[in-house]
Amino acid sequence: MPANVAVVGLGKMGLSHLAVANALEHLKVVAICDSSEVVGRILQKYTQIPFIANYEKLLDLPGLQGVIIATPTTAHDWMVRKAIDKGLHVFCEKPLTLSSAQSRSLGATAAAKGLVAQVGYHNRFIGTFREVKRLLDAGAIGTVSHIQGQAYGPVVLKRPKPSWRAKAGGGGCLYDYAAHPINLMNWFLGTPETCNGAFLKSGFSAEVDDEVYATLGFACGATGQISVNWSDHSVRKMSTRIAIWGTSGIIHADRQEIQTYLTGTTKTPPDYKKGWTVRYITELTPPVTFYLRGEEYSAQLESFSESIVKHKISQQNSFHSSAETDETIEMIRAAAESGGTVGTYRHHEAMPRRAGFVGRMMGR
Amino acid sequence: MERILFGDNQFFGINHLSEEKARNQAMRFQNIDSVIDVLQEALKAGVGGFMCTTHDTIEKIADRVRADAGAWEGFTFYPGMPYAHKYANAVTELGYFDALRKFLPKDGLVDTMLRGGMALLNRDIEGMMTLLVDAEMQMFEGLKTPVIFLQNVVTDLIQGLGIIDAFRIFADHCQTRYGARAGFITMNLPRLLPLLHQAGIENPIVCANVNKIAFRMAGGIESYREATARYPARVIAMSVLASGGIRPREAIEWVVNEPYVESILFGASSRSNIIDTVNLIREFDGRKQVAA
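If you read the protein sequences in the order shown, they are chains A and B. Following the working numbering, the numbering of the first sequence begins with 2 at its first residue and continues without gaps. Following the working numbering, the numbering of the second sequence begins with 510 at its first residue and continues without gaps.
Simulated from the structure, these hints should not be mistaken for laboratory data. Beta carbons: idealized from backbone N, C-alpha and C, even for Gly. Check before you lean on any hint, since a few could be wrong.
To be verified - Some, not all, of what chain B presents toward chain A, calculated at C-beta under 8 Å:
| no. | residue |
| --- | --- |
| 1 | 513 |
| 2 | 660 |
| 3 | 663 |
| 4 | 671 |
| 5 | 703 |
Stated by the list, open to error - Derived pair list, reagent style DMTMM-like, types lysine to aspartate or glutamate, alpha-carbon separation capped at 25 Å:
| no. | chain 1 | residue 1 | chain 2 | residue 2 |
| --- | --- | --- | --- | --- |
| 6 | B | 530 | B | 511 |
| 7 | B | 721 | A | 208 |
| 8 | A | 134 | B | 542 |
| 9 | B | 611 | B | 582 |
| 10 | A | 29 | B | 643 |
| 11 | B | 611 | A | 208 |
| 12 | A | 13 | B | 546 |
| 13 | B | 611 | B | 572 |
| 14 | A | 238 | B | 528 |
| 15 | B | 595 | B | 550 |
| 16 | B | 595 | B | 511 |
| 17 | B | 595 | A | 284 |
| 18 | B | 569 | B | 542 |
| 19 | A | 134 | B | 529 |
| 20 | A | 46 | B | 572 |
| 21 | A | 46 | B | 650 |
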């Protein structure tokens with residue numbers, strides 16, 4: 002029996018989740034919900050999936066077991082809370098909330114009720130990054146000394162119009178982009194204890210940050226650096242890279258490949274050799290039953306549905322693990338505000354002209 | 510349709526295996542002359558069918574072909590649309606309606622529709638889709654485009670959403686406006702074929718990953734065989750080498766013998782790679798004929 006779910010928020014990620022969920026055998030999308038009646042009604046007409054404009058009414062839908070939430074981050078907290086209160090399983094887009102305390106509280110409530118609560122950090126479902134985790138757990142590169150997390154992409158390439166990203170906080174490069182490599186760093190090394198030299202720079206955006214740089218210190222003694230810029234023209238789409246230096250080897254990984262150099266001073270895992278080994282996504286990706294934009298998007302929803310069906314609540318990307326990322330984001334923000342830099346760095350431009358009322362309404 | 514088709518990923522810094530390699534290719538091919546040279550090599554090797562996205566660069570190639578038709582005898586564009594990143598980014602940045610405003614050719618159409626309310630909006634969805642197709646096709650004006658493809662991210666989004674009507678609208682429009690067959694690029698072939706049948710599109714042209722290690726063949730090799738036996742389709746095999754995951758000789762011997770494969774799509778950046786691949790396909794095609 003598939004699990005009955007509703008998709009809430011029908012922007013780019015919401016549509017993508019809707020298509021994947023609708024195609025997966027173990028999920029049945031029984032309703033869609035969005036603040037735009039026009040978008041909702043059109044989709045209802047062509048997909049035959051009932052549109053319910055009112056979120057509270059949606060939650061009362063008989064037989065509903067879970068919700069997939071892909072609304073702006075500022076709405077996550079109250080929407081997730083209401084869903085959990087109704088006893089519904091939740092898959093929520095990242096970041097979970099704008100406060101790690103809120104995220105932890107949501108995680109605790111969901112756990113107490115035995116509900117599946119998962120966040121859309123899809124990188125943890127990419128074969129190469131999973132392999133990094135496996136190698137670290139096996140101690141393949143010895144004691145980790147340093148980790149570098151990077152992400153570059155062409156999101157904001159000119160002065161943007163005001164949009165949901167900027168309206169009520171949460172929505173800069175730090176929350177929407179840097180969250181991905183930060184989440185991977187958390188997965189590999191935990192939550193950092195210190196953050197120094199943080200810069201949240203605005204290049205094009207007037208209201209949010211476009212670049213994030215910071216140095217992190219982890220409990221295990223490792224240091225980390227994060228370097229993220231979503232105003233990079235040179236790449237076609239988001240590219241996330243991780244590099245890790247250890248006492249007996251190094252790892253470079255991105256979406257496509259994992260390159261390792263092992264010194265041979267610790268036990269070399271099967272499939273690896275002393276010196277360089279390169280492994281590709283072609284051999285590291287388990288197949289999915291439906292593919293849209295990448296295996297990871299289906300794999301994470303397959304995991305969500307499987308957790309519901311099998312009553313398994315400690316799945317990948319739990320609210321608790323996502324709260325670690327929210328906490329790291331808070332640390333970077335705090336470090337940038339005290340002693341680092343927020344805004345432009347020795348660089349001044351005229352403020353943009355404000356968009357008119359209609360533009361604001363239509364710009365979502 | 511030609512037995513062998515040439516693809517364009519290599520020209521746009523798309524490499525499913527290595528970002529480094531992708532960047533090197535992007536550097537090399539930002540000069541349009543380098544792209545033209547490789548396309549000429551492909552044409553000389555007997556591969557004149559060019560399956561391409563509606564990326565801005567393709568517009569420049571189309572201009573070159575129009576300007577010197579004699580040098581491009583036997584060269585045919587097989588456009589695939591839309592170049593999805595441009596739309597996806599616009600939707601996130603601008604919202605659906607401003608994004609539509611940006612891409613639809615007629616000023617004010619979206620505003621008219623919004624003023625007309627839901628009734629008009631519903632009626633005009635079909636018109637809007639065909640206008641988007643026309644906007645993408647402008648760059649090929651005056652050129653032969655026997656098949657027009659829907660890119661996999663759109664095909665698969667539509668099939669995931671279950672908007673089967675959209676396939677029919679697209680196919681009808683390709684036929685009536687361009688005298689072309691509709692093609693569908695997909696990463697989910699076994700699931701797509703019954704939906705196309707349901708949309709009334711028989712023996713559809715479908716382009717999907719077909720490779721010996723089943724890389725990105727959702728459903729697996731057996732389900733491809735079963736689906737094509739049940740719903741006949743003209744399949745173009747792509748990602749035949751699984752981005753380098755299989756040795757060329759082994760990869761091509763296998764794909765040539767998959768009974769449902771009508772054409773093979775491949776991309777290459779050098780004359781020698783083009784010739785090697787073409788020769789391999791011809792060699793194993795020849796053996797197949799002898800065996801038959």
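Each hint tested on the structure:
1. 513: With a closest approach of 23 Å, the residue 513 of chain B hint is violated.
2. 660: Violated - the Cβ of residue 660 of chain B stays beyond 8 Å from chain A, reaching only about 12 Å at its closest.
3. 663: 10 Å, violated
4. 671: 5 Å, holds
5. 703: 13 Å, violated
6. B:530 - B:511: Violated, at roughly 29 Å.
7. B:721 - A:208: 50 Å, violated
8. A:134 - B:542: Since the Cα atoms of residue 134 of chain A and residue 542 of chain B sit roughly 44 Å apart, the hinted pair is violated (cutoff 25 Å).
9. B:611 - B:582: 36 Å, violated
10. A:29 - B:643: Measuring from Cα to Cα gives roughly 35 Å; hence the hint is violated.
11. B:611 - A:208: Between residue 611 of chain B and residue 208 of chain A the Cα gap is close to 23 Å, so the pair holds against 25 Å.
12. A:13 - B:546: Violated: residue 13 of chain A and residue 546 of chain B sit about 38 Å apart, past 25 Å.
13. B:611 - B:572: 24 Å, holds
14. A:238 - B:528: 11 Å, holds
15. B:595 - B:550: Between residue 595 of chain B and residue 550 of chain B the Cα gap is close to 30 Å, so the pair fails against 25 Å, i.e. violated.
16. B:595 - B:511: Violated, because 30 Å separates the two Cα atoms, which is more than 25 Å.
17. B:595 - A:284: It is violated: about 30 Å lies between the C-alpha atoms, which goes past 25 Å.
18. B:569 - B:542: Since the Cα atoms of residue 569 of chain B and residue 542 of chain B sit roughly 10 Å apart, the hinted pair holds (cutoff 25 Å).
19. A:134 - B:529: Roughly 23 Å separates the two Cα atoms, so the pair holds.
20. A:46 - B:572: 41 Å, violated
21. A:46 - B:650: This hinted pair is violated, its Cα atoms lying about 34 Å apart.
The structure fails to meet hints 1, 2, 3, 5, 6, 7, 8, 9, 10, 12, 15, 16, 17, 20 and 21 from the earlier list, while all remaining hints are met.
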